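J.: With the sequences and hints as input, model every part of the structure.
For the sequence shown, the tail end lands on 159 under the UniProt record's numbering, and the numbers increase by one without skipping.
To be clear, the hints were calculated from the coordinates, so they are not data collected in a lab.
On a predicted model such as this, the values are computed, not experimentally measured, just so you know.
Cβ atoms here follow ideal geometry from the backbone N, Cα and C, with glycine treated the same way.
There may be inaccurate statements among the hints.
Unchecked claim - Distance windows between CB atoms, simulated: (1) S31 x E126: 56 to 66 Å; (2) I111 x G29: 48 to 58 Å; (3) Q157 x S110: 46 to 56 Å.
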Amino acid sequence: MLDDLDRNLLEILVRDARTSLKELAAQVGLSSPSVSERLRRLEERGVIRAFTVEIDPLALGYTLQAIVRIRPLPGKLHIVQKLIEEIPEFGECDKVTGDDCFVARLFVRSIGDLDGILDRIADKAETSTAIIKAQPIRRRPPPLDAVSPRDRAKALQAS
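T.: Here is the structure:
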C-alpha cells in the first residue's frame, strides 16, 4: 500500500516527471536522499514503471488518430499480433475479451496512410475503425487515494 508521502510524491511526478529531487524534497518536507530512497522503493515494487515524456503526435505531422478494433481470422491471432507490434503507427494496443481480440490506437498523417496500414492486415483480420475527434480525458493513472473503489462508490451513492 501507499502511504501519504508516497501518494504525494506520485501526484507531483504525474504532473511533471521532470521535477528534480531537490524540488520533490522541498514539496514533501523530506531530504533529497529520503525522497530518492522512496522513489527507488516505488520502482522496485513496480509502482513506478518509468519516467517518461509525452510527445504531441500533431507536432510530428500525425494529424489523425484512430481506434481500431481488430478481429483476427481463424488461426491468424499470432500473425496479426506480430503485425501490430511491427507497425510503428500503432501507438498502443490492448488484447481484450469479447468479439474483438485487439483494440489499438493508431497515429496516421492521412486517411490514405490509414488505408495503407489497414490493408496490411485486411487478409488476416476484420477491422472496425473510429477516427478520434477529441480526447476529453488524456491517459492518466488510476486514483492514488487510499479509498477503495467499493468505498468510493458507496460514498457517491450516499451523497
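J.: None of the hints should be skipped; say for each whether it holds.
T.: Hints versus structure:
1. S31 x E126: 56 to 66 Å: Once the Cβ atoms are compared, 57 Å apart, the range 56 to 66 Å for E126 and S31 holds.
2. I111 x G29: 48 to 58 Å: This hint holds: roughly 53 Å between Cβ atoms.
3. Q157 x S110: 46 to 56 Å: Given a distance of about 47 Å, which is inside 46 to 56 Å, the answer is holds.
The structure agrees with every numbered hint stated previously.
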